[in-house]
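Here are the chains, one letter per residue:
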Amino acid sequence: MKRLLHVGFLGLLAALALASSGCKSRPKNITAIPGSEGRGGTSTDLTQGNPLPPTVGGGNTGGSSTGVPTPGPRYNPNTGGTGIDLPPVTNPGPGPDSDGNTALPPGNIRDGMREDTEMFRGNTVYFDYDKSAVKKSEVAKLAAVAEYLKANPNSKLEVAGHCDERGTEGYNLALGERRALSIRESLLNMGVSSANVTTVSFGEARPADPAQNDSAYAKNRRGEFILLTPIAAPVR
Amino acid sequence: MIRFSNRRRGFMAALAAVLFTCHGWAQEAAIVIDDKVAGLIPISISGYTGEVDQTLKFDLEVAGFSLVSEDKARFILTGKNGTQVEGTLQDTSKRSILARAYPGGTPRLQAHTLADDVVQAVTGRPGIARSKIAFKHETGQRNGNNEMVSEIFVADYDGANAFQLTQDGTIARSPAWQPGHRTLFYTSFRPGRPCIYSHDLASGARSPISNFNGMNDGAAVSPDGTKMAMVLSKGGSPDIWVGNVDGSGLRQLTSTREAESSPCWSPDGRTLCFSSSEGGGTRLQLVDLNGGRMRPLSIGGLRGATEPDWSPDGKWIAFTRMGGGKNFELYRVAAAGGVAERIGEGEDPSWAPNSRTLAVIRRQGNVRKLSLLDAFTRQAKDVRTISGSCGQPSWAK
Chain B
12 MKRLLHVGFL GLLAALALAS SGCKSRPKNI TAIPGSEGRG GTSTDLTQGN PLPPTVGGGN
72 TGGSSTGVPT PGPRYNPNTG GTGIDLPPVT NPGPGPDSDG NTALPPGNIR DGMREDTEMF
132 RGNTVYFDYD KSAVKKSEVA KLAAVAEYLK ANPNSKLEVA GHCDERGTEG YNLALGERRA
192 LSIRESLLNM GVSSANVTTV SFGEARPADP AQNDSAYAKN RRGEFILLTP IAAPVR
Chain S
25 MIRFSNRRRG FMAALAAVLF TCHGWAQEAA IVIDDKVAGL IPISISGYTG EVDQTLKFDL
85 EVAGFSLVSE DKARFILTGK NGTQVEGTLQ DTSKRSILAR AYPGGTPRLQ AHTLADDVVQ
145 AVTGRPGIAR SKIAFKHETG QRNGNNEMVS EIFVADYDGA NAFQLTQDGT IARSPAWQPG
205 HRTLFYTSFR PGRPCIYSHD LASGARSPIS NFNGMNDGAA VSPDGTKMAM VLSKGGSPDI
265 WVGNVDGSGL RQLTSTREAE SSPCWSPDGR TLCFSSSEGG GTRLQLVDLN GGRMRPLSIG
325 GLRGATEPDW SPDGKWIAFT RMGGGKNFEL YRVAAAGGVA ERIGEGEDPS WAPNSRTLAV
385 IRRQGNVRKL SLLDAFTRQA KDVRTISGSC GQPSWAK
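Residue numbers (our numbering), protein chains in the order written: chain B, 12 to 247; chain S, 25 to 421.
Hint data in this document are derived by calculation from the structure and do not stem from the laboratory.
Worth double-checking, as some hints may not be accurate.
What the hints assert, rightly or not - Below, a list of computed lysine-lysine pairs in the DSSO-like style, where the Cα atoms sit at most 27 angstroms apart:
#  : chain 1 : residue 1 : chain 2 : residue 2
1  : S       : K118      : B       : K230
2  : S       : K96       : S       : K156
3  : B       : K142      : S       : K350
4  : S       : K350      : B       : K146
5  : S       : K156      : S       : K251
6  : B       : K142      : B       : K230
7  : S       : K118      : S       : K81
8  : S       : K350      : B       : K230
9  : S       : K251      : S       : K350
10 : S       : K251      : S       : K339
11 : S       : K96       : S       : K81
12 : S       : K421      : S       : K81
Next comes chain B alone, as it looks inside the complex (with noise of 0.2 angstroms):
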């Protein structure tokens, strides 16, 4: 249900980005909106809500790839009225399965992006020992990631979960990766697409503090972000 609205709301937008920019040729593959052809669209255009056939998503006027989310339009004053942006669209992604879990994008997300280990360097998250929930204190720093992946929708995350060495290895994997996923699932709450998510799981390899101490330990587990953004930037 949540997906068919996902949809309908980008039928939405797409009907948009046709209309504002008053396309002459109509793209292929697209069924015209009765009326809305060679005509500017006013902001209250935006509410009315045709939805147009799931074929849309390839065809929008820009020149961007197929599969790139697509940019909200920037209303043209010459058409008359007066329209506000809108804020940037991400695909949401697949959502959750009838478990609660929702899947990790196919193939391999790292393939021709960079990878970022310093942005988000203070965002790490921590946990408290044998657990796997994002606590509340740890909240502000997912907003902020969320903020940034939703603003720059070509750019995706892996987030890498750690565990101290207070637990076996086999269950440390697990936990490591248990932690990355409950921050991903946070962070497609907060309206971050399921695409552009992966995880990783150190267990205990990777240590902030070697030391084996409670401070060490408490530095340890944790959860943190690398940004991955695409080597060749798109053309704009």
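We have chain B already, so just place chain S on it with the hints.
Showing chain S alone in chain B's frame:
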């Protein structure tokens, strides 16, 4: 400390066996090792020197013998080593049980072969002194990503002749043998994220088997060598998946919100045992290859069970119990479930082909030592030939 008390208990059991013998019954029970007999078998060893002497003594202690003087021995092994190892095994009545020479191979191999013959003659079961193990090894070095570099090694079961299989300079972990093949499966971060490889020891060639986004770990090959279980998180949670050993034909066997880990196979290849944190804590679960829901393995209410390993004879499941903090204990439970019995300290057990000895890891300060634990007598012997930290042993079968 622990070892001392175990030894003493073993000695008491041996004494008891001798007393029973005086009463004229249970003579066989003192010798024939079954799952209930926990007594060390006193043996004296004389006539050997250097590496052969050390190797023989290590092998026999791992196999459940205690080294004593001849007057206290139930079995007397005498011989020599020079151009070849020779050995004569007698019982207390000086009856010769074994007399053999070992001309081929290295002195070390000759000693292992003699030890296996002694074990076979006394216990009626094959020895393990010529078997191999694989394990993860940390040098203590960190790489540019601040990772504790670990590589996969293969060695004789006593740590000798260690061979470094991977040269990836990053995290390599979770080695697992393909039964009946000289092939290891393991996870390496070589591509920048975890990837399960299949590595042919004969040719040195390896192939990537599983490199999905998320977790690719815990590979375990079926006893017939054709299928592989592993933990993948591509579905959004660490779940147990099974496929062919080339990575094809993947099927998801568990689907939970929480994490599954450390799958192992029943010897008939029909069932997997693993650890799951579904429902809070960690417990051992079973799932059938043909599908169906996972079901708990009863271990008598113990909490914190992880890292199960199923004995090759199908009778036992050994596992690590996390007792909080860095307190790790080894247990075994009948494969049908029941009350688990504590068999020692340590973690990550891997059964030897004899379904009796376990390769385990014991933490000593900053270092993690490979150790061999006899589940029958509870006697443990640390492998001292390897410096640095070891982890995740896998015994070749």
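Against the structure, the hints:
A hinted pair counts as satisfied when its Cα atoms are at most 27 angstroms apart, and K118/S with K230/B does not qualify at roughly 64 angstroms. In summary, the hint linking K96/S to K156/S is not supported, as the alpha carbons are separated by about 33 angstroms, beyond the 27 angstroms threshold. The straight-line distance between the Cα atoms of K142/B and K350/S is roughly 16 angstroms, inside the 27 angstroms bound, and the hint therefore holds. A distance of roughly 24 angstroms separates the Cα atoms of K350/S and K146/B; the hinted pair therefore holds under the 27 angstroms criterion.
For a cut-off of 27 angstroms, the pair hint linking K156/S to K251/S stands: about 22 angstroms separates their Cα positions. Pair hint K142/B plus K230/B holds up; C-alpha atoms about 14 angstroms apart against a cutoff of 27 angstroms. With a C-alpha separation of about 21 angstroms, the suggested pairing of K118/S with K81/S holds against the 27 angstroms cut-off. Note on K350/S and K230/B: the hinted pairing holds, with a Cα-Cα distance of about 17 angstroms set against a maximum of 27 angstroms.
A distance of roughly 34 angstroms separates the Cα atoms of K251/S and K350/S; the hinted pair therefore is violated under the 27 angstroms criterion. Of the pairs offered as hints, the one joining K251/S and K339/S holds, with about 22 angstroms between alpha carbons and a cut-off of 27 angstroms not exceeded. Using a Cα cut-off of 27 angstroms, the hinted pair K96/S and K81/S holds, with the two alpha carbons roughly 16 angstroms apart. Our distance criterion of 27 angstroms between C-alpha atoms is met by K421/S and K81/S, whose separation comes to about 24 angstroms.
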